[in-house]
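Peer 1: Sequence:
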Amino acid sequence: MKRIEVYRNIRKQAMIMGLPISLFALMMVSVIGSLLIIIFSFHFVVIVGLLFFNALLYGALLQWVKKPFQLKVMQTFPKTISLKQLNPFDYV
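Note that the sequence shown covers residues 1 to 92 in the working numbering.
FYI, nobody ran anything at the bench for these hints, they're computed from the structure.
Idealized CB from N, CA, C, for every residue including glycine.
There's no promise every hint is true.
[Claimed, not checked] With a straight-line Cα cutoff of 20 Å, these simulated SDA-like cross-link-like pairs (lysine to any residue) come out:
1. Lys67 / Met15
2. Lys66 / Ile21
3. Lys66 / Leu26
4. Lys66 / Pro20
5. Lys66 / Leu56
6. Lys67 / Gly18
7. Lys67 / Met27
8. Lys66 / Leu19
9. Lys66 / Gly18
[Claimed, not checked] Pairwise CB distance ranges, derived in the manner of DEER restraints:
10. Phe53 / Arg3: 41 to 47 Å
11. Ala14 / Gly49: 28 to 34 Å
12. Ile39 / Lys66: 52 to 58 Å
13. Arg3 / Phe44: 52 to 58 Å
14. Ala60 / Arg3: 33 to 39 Å
15. Ile37 / Trp64: 23 to 29 Å
16. Leu83 / Leu26: 18 to 24 Å
17. Ile81 / Ser22: 55 to 61 Å
18. Lys2 / Val29: 37 to 43 Å
19. Ile16 / Phe42: 26 to 32 Å
20. Lys2 / Phe42: 51 to 57 Å
21. Ala25 / Ser82: 44 to 50 Å
22. Leu62 / Lys84: 50 to 56 Å
Given the sequences, and given the hints that come with them, work out the whole structure.
Peer 2: Below, the structure written as structure tokens:
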């Protein structure tokens, strides 16, 4: 019998141009913002700079998808929890 994935799980794995949907949305916001900047300040240096910035952003996002940044978090809580007070003096 064929097993069918749940629809929301399929959406989690959706990729557009090699990026997950959230990172693709970030890229599109950057492109639209760049187009607005180009329209209101029409200089050749600005156009080349924004094209370069968008290309670098796309490359960085692709690298991030291939090798996600992982934080190594130290253990927050102790292995055992006790109400015994820590005291340097030894009472015998």
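Peer 1: All hints are to be evaluated individually against the structure, with a verdict given for each.
Peer 2: Cross-check of the supplied hints:
no., hint, verdict
1, Lys67 / Met15, "holds, 16 Å"
2, Lys66 / Ile21, "holds, 15 Å"
3, Lys66 / Leu26, "holds, 17 Å"
4, Lys66 / Pro20, "holds, 11 Å"
5, Lys66 / Leu56, "holds, 15 Å"
6, Lys67 / Gly18, "holds, 13 Å"
7, Lys67 / Met27, "holds, 18 Å"
8, Lys66 / Leu19, "holds, 10 Å"
9, Lys66 / Gly18, "holds, 10 Å"
10, Phe53 / Arg3: 41 to 47 Å, "holds, 44 Å"
11, Ala14 / Gly49: 28 to 34 Å, "holds, 32 Å"
12, Ile39 / Lys66: 52 to 58 Å, "violated, 34 Å"
13, Arg3 / Phe44: 52 to 58 Å, "holds, 56 Å"
14, Ala60 / Arg3: 33 to 39 Å, "holds, 36 Å"
15, Ile37 / Trp64: 23 to 29 Å, "holds, 24 Å"
16, Leu83 / Leu26: 18 to 24 Å, "violated, 48 Å"
17, Ile81 / Ser22: 55 to 61 Å, "violated, 37 Å"
18, Lys2 / Val29: 37 to 43 Å, "holds, 39 Å"
19, Ile16 / Phe42: 26 to 32 Å, "holds, 30 Å"
20, Lys2 / Phe42: 51 to 57 Å, "holds, 56 Å"
21, Ala25 / Ser82: 44 to 50 Å, "holds, 48 Å"
22, Leu62 / Lys84: 50 to 56 Å, "holds, 53 Å"
Violated hints for the displayed structure, listed by number in ascending order: 12, 16 and 17.
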